[in-house]
Amino acid sequence: MKPGSLAKNPSVLTFLLVLAVFTLGVTVLSDAYGSGLISTSMVKTLGKTLCLCLIAIAMDLIWGYTGILSLGHFAFFGLGGYMVGMWLMFARTRDIVLSSAGGALPMTPQELSDAIATQIFGVVGTSELPAVWAFAGSLPAQLALVVLVPGILAFVFGWLAFHSRVTGVYLSILTQAMTLALSLYLFQNDSGLRGNNGLSGLQNIPGLEAAGQDALSVWFLWASALALALGYMLASFIVSGKFGSVIRGIRDDEARVRFLGYSVESYKLFVFTLTAVIAAIAGALYYPQAGIINPAEMAPIASIYLAVWVAIGGRGRLYGAVVGAAFVSLVSTWFTGGRVPDLNLGFYTIKWVDWWSVLLGLSFVLVTLFAPKGLAGLVDLAQGLRSPRRGGTPLGPDDGALQEREAVE
Amino acid sequence: MNHLLEVSGISVSFDGFRAINNLSFSIGTAELRAIIGPNGAGKTTFMDIVTGKTRPDEGRVIWGEKSTNLLKLNEAKIARAGIGRKFQRPTVFEDQSVAENLMMALKANRAPWKVLFWRPAPADHARVAALAEQVGLGDSLERKSGELSHGQKQWLEIGMLLAQEPRLLLVDEPAAGMTLAEREQTTALLVDLARSRAVVVVEHDMDFVRRLGCKVTVLHEGSVLAEGSLDHVTSNPKVIEVYLGR
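Residue numbers (my numbering), protein chains in the order written: chain Z, 1 to 409; chain A, 1 to 246.
Treat the hints with caution; some may be incorrect.
Unchecked claim - Restricting the straight-line Cα-Cα distance to at most 35 Å, the calculated cross-link-like pairs of lysine-lysine (DSBU-like) are:
(1) Z:K373 - A:K107
(2) A:K72 - A:K53
(3) A:K53 - Z:K373
(4) A:K114 - A:K77
(5) Z:K373 - A:K144
(6) A:K66 - A:K53
(7) A:K238 - A:K107
(8) A:K215 - A:K238
(9) Z:K373 - A:K215
(10) A:K77 - A:K144
(11) A:K107 - A:K72
(12) A:K107 - A:K53
As the list claims (entries may be wrong) - Far from chain A, by Cβ distances over 10 Å, these chain Z residues were calculated:
(13) T108
(14) D190
(15) I238
Derived by calculation from the structure, the hints in this document are not laboratory data.
Every residue, glycine too, gets a C-beta built ideally from N, C-alpha and C.
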């Protein structure tokens with residue numbers, strides 16, 4: 001990124017500074033490297049939140065900027081998690097099998113593979129390693145698959161959808177159908193990814209057993225913060241130039257963009273695939289911190305929550321997405337964690353664990369209706385910026401003709 | 001025969017209604033042409049076909065020296081081939097500034113990868129400023145185009161069209177919603193543009209067409225009713241009956 005574009009986007013520098021201060025703050029308060037004021041599980045929650053902020057940036061690019069309401073990005077997030085989870089589970093099981101094998105002769109590769117498969121797939125009643133685990137023994141290969149599998153899926157799906165000119169709510173339904181189909185497929189025991197058991201024990205990183213969870217959690221926080229910083233810079237690079245103009249043009253009037261000579265389908269496909277890859281990377285960092293992944297994580301509701309975060313934060317600007325994801329997911333953790341005191345209305349007691357989704361849904365509706373700019377709109381308010389209210393058709397052909405609404409006011 | 005665009009024998013129907021019926025039309029490389037006709041004569045459908053928005057049921061649309069078949073190209077490729085279109089209602093990107101609108105329209109590589117790394121050179125900024133000046137928006141470069149008046153949006157769209165540097169301009173009712181002074185300015189601009197490229201103007205306003213002083217094609221029920229100078233076509237009894245007589 002050139003310094004010129006950084007200077008034009010002071011919000012990028014502000015964001016990076018806030019992120020650096022946050023990461024440093026958490027580090028000096030963590031169990032492993034500081035005072036221990038923040039528990040290891042809290043560090044993990046914060047690290048996971050950073051990953052959610054990263055996927056929110058992806059969602060903002062595809063929805064807030066390009067105008068495609070994708071309800072499938074959590075599928076890519078989950079796939080990224082599965083890809084890295086396969087290596088984590090395979091490598092750790094291999095270590096366990098090797099250390100417990102006390103025979104005089106070393107195991108043959110076939111014996112080793114069978115022993116690992118029995119360990120991993122005993123729970124779904126098979127002892128054969130499915131074909132999709134072919135590369136699970138190699139970390140570089142699985143890391144490449146983190147990018148490739150969701151990237152290729154998004155490319156093929158996007159190519160079919162965009163070239164058939166499916167738009168608007170139909171496209172949203174299509175992405176949701178894809179997500180549902182994928183999660184239903186993974187729920188099956190013979191899908192090769194342990195069905196509804198999912199992959200577990202992902203918090204134990206093979207080769208780093210000595211480090212301990214308290215240090216690991218901080219390392220993952222750093223990695224997540226780095227990924228978020230790079231993702232934010234990449235996204236702001238994309239939206240700052242003419243490319244940003246074109247995708248916002250597609251959002252507002254895609255036929256007009258076509259008549260300017262831009263191939264709208266290629267742009268949509270580019271953004272869709274790129275954001276799928278960003279989502280997958282976020283997922284690959286998230287699940288080792290969560291420790292477990294199962295197909296329920298990829299259910300369509302997760303992607304809908306993602307849209308809610310971005311809407312509440314303020315779509316169409318990157319920091320809005322980050323603020324929305326961080327704020328809503330942390331508040332959600334707080335409410336659903338049962339730490340919010342119940343509200344006694346006399347005739348009925350509101351238990352927030354049950355009522356949180358109602359509150360979230362209500363705030364989503366209220367934000368959509370009354371504050372379409374979301375939380376990020378507060379920044380505008382603080383800066384005294386207000387977009388002019390011009391609505392309706394013009395009253396006359398002259399320069400500066402009043403719009404209908406202005407004339408009424 | 002030096003035709004830039006040659007449309008021959010196209011027909012299209014929507015739900016049984018024949019919007020275009022065996023229409024043939026051609027225009028030279030530097031020519032100004034006005035198309036008139038009553039509502040439903042197929043003027044807009046004709047533009048839709050040339051720009052690739054609508055596919056005709058039959059017929060051919062041939063473009064340029066290489067005789068490219070436009071029916072095989074999509075809208076974006078047709079636009080890149082050099083056909084620019086100005087819509088009836090001004091359609092500019094209201095959320096973006098005048099400069100951004102013009103910059104997007106500026107002739108350059110349109111491939112996503114190229115656009116991603118494209119950054120405006122000083123020459124591009126100068127071109128945008130010159131275009132804005134030409135359409136009377138020189139001091140509004142940083143304004144959001146949504147703030148502009150209706151007439152200014154029309155001008156911005158014309159500026160965007162010029163930025164594309166098309167070889168054929170299709171202009172749908174440019175005078176709609178313009179003041180008398182602006183109409184004269186538009187006339188002068190269109191006449192000037194037609195010196196170096198082909199310009200097709202669809203217009204209802206007879207006075208405006210008269211000022212253009214060019215060949216006129218009259219459409220009726222999807223096919224050409226008459227063609228020639230304005231005086232020639234307006235004295236045609238068939239034209240008087242279907243159009244002017246009302």
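Results for each hint:
With a C-alpha separation of about 33 Å, the suggested pairing of Z:K373 with A:K107 holds against the 35 Å cut-off. About 12 Å separates the Cα atoms of A:K72 and A:K53, which keeps this hinted pair within 35 Å; it holds. Straight-line distance between C-alpha atoms of A:K53 and Z:K373 comes to about 34 Å, which keeps the hinted pair within the 35 Å bound. The hinted pair formed by A:K114 and A:K77 meets the criterion: a straight-line CA distance of about 16 Å does not exceed 35 Å.
Taking the CA atoms of Z:K373 and A:K144, the gap is about 17 Å. The hint holds against a cut of 35 Å. Distance check on the hinted pair: A:K66 and A:K53 sit about 22 Å apart at the alpha-carbon level, within 35 Å; holds. Taking the CA atoms of A:K238 and A:K107, the gap is about 43 Å. The hint is violated against a cut of 35 Å. With a C-alpha separation of about 18 Å, the suggested pair A:K215 and A:K238 falls inside the 35 Å cut-off, and the hint holds.
Pair hint Z:K373 plus A:K215 does not hold up; C-alpha atoms about 52 Å apart against a cutoff of 35 Å. This hinted pair checks out: A:K77 and A:K144 have alpha carbons roughly 28 Å apart, not beyond 35 Å. Among the hinted pairs, A:K107 with A:K72 is consistent with the structure: their alpha-carbon atoms are about 23 Å apart, no more than 35 Å. With a C-alpha separation of about 21 Å, the suggested pair A:K107 and A:K53 falls inside the 35 Å cut-off, and the hint holds.
At the 10 Å boundary, the C-beta of Z:T108 stays outside the reach of chain A, the nearest C-beta of that chain being 49 Å off. Non-interface call for Z:D190 relative to chain A: holds, since the shortest CB-CB distance, roughly 40 Å, exceeds 10 Å. A Cβ of chain A approaches the Cβ of Z:I238 within 10 Å, the least distance being about 7 Å, so the stated non-interface status is violated.
Comparing the model with each numbered hint stated earlier shows that hints 7, 9, 15 do not hold.
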